[in-house]
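Following our numbering, the numbering of the sequence shown begins with 2 at its first residue and continues without gaps.
Check before you lean on any hint, since a few could be wrong.
Unchecked claim - In silico lysine-lysine, DSS-like type, Cα no more than 27 Å apart, as pairs: (1) 84 x 53; (2) 84 x 15; (3) 84 x 47; (4) 15 x 47.
What the hints assert, rightly or not - Between beta-carbon pairs, the in silico distance windows are: (5) 141 x 117: 22 to 30 Å; (6) 29 x 151: 52 to 60 Å; (7) 102 x 34: 16 to 24 Å; (8) 37 x 79: 51 to 59 Å.
Quick caveat, the hints were computed from the structure, so don't treat them as lab data. For glycine and all other residues, C-beta sits at the position ideal for the given N, C-alpha and C.
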Amino acid sequence: MSLRILKASAGSGKTYSLTETYIRYCLDPDNHLDYSNILAITFTNKASAEMKNRIMGLLYTLSQDPDQYPGIDSLTHDLGFTKEEIRTRSANLLYRILTEFDLFTITTIDSFFTRLYGSMTLDLFGDIPGEITLDADRALHYAADQIIAQSQESP
């Protein structure tokens, strides 16, 4: 499985393409990829929520009446499934996402790095920080103090 990056201007159909790609990855047994192993990162909370809604909306459509999806012929052809197989797999995937929603990871860059930082501090120091903030003045004072202390130690 390779990394897929989609870069395009606003209104060009990125969310539509990402939604279909996400579902294709999940439905294709050759990928051996489960939704809980996919990390999708967006820039804003609004984009993250929209992506989740579109994925669940398309899964719902495919699980109820696959013919309502304009790309169903391409999907069945590419995956080698019948429409009934697409319907069943989509229903199962939608059910799993709804029952294990915390594993459905579409997040912002900021949230991703905050989780990563918390995970690293737990591994390194055995404690999770209660809050991550950037106090620029405090950081600058600390850096200045460190530079002064190092300069006083050096002959």
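Against the structure, the hints:
no., hint, verdict
1, 84 x 53, "holds (23 Å)"
2, 84 x 15, "holds (25 Å)"
3, 84 x 47, "violated (32 Å)"
4, 15 x 47, "holds (14 Å)"
5, 141 x 117: 22 to 30 Å, "holds (25 Å)"
6, 29 x 151: 52 to 60 Å, "holds (56 Å)"
7, 102 x 34: 16 to 24 Å, "holds (18 Å)"
8, 37 x 79: 51 to 59 Å, "violated (23 Å)"
When the structure is compared with the earlier hints, violations turn up for hints 3 and 8 and for no others.
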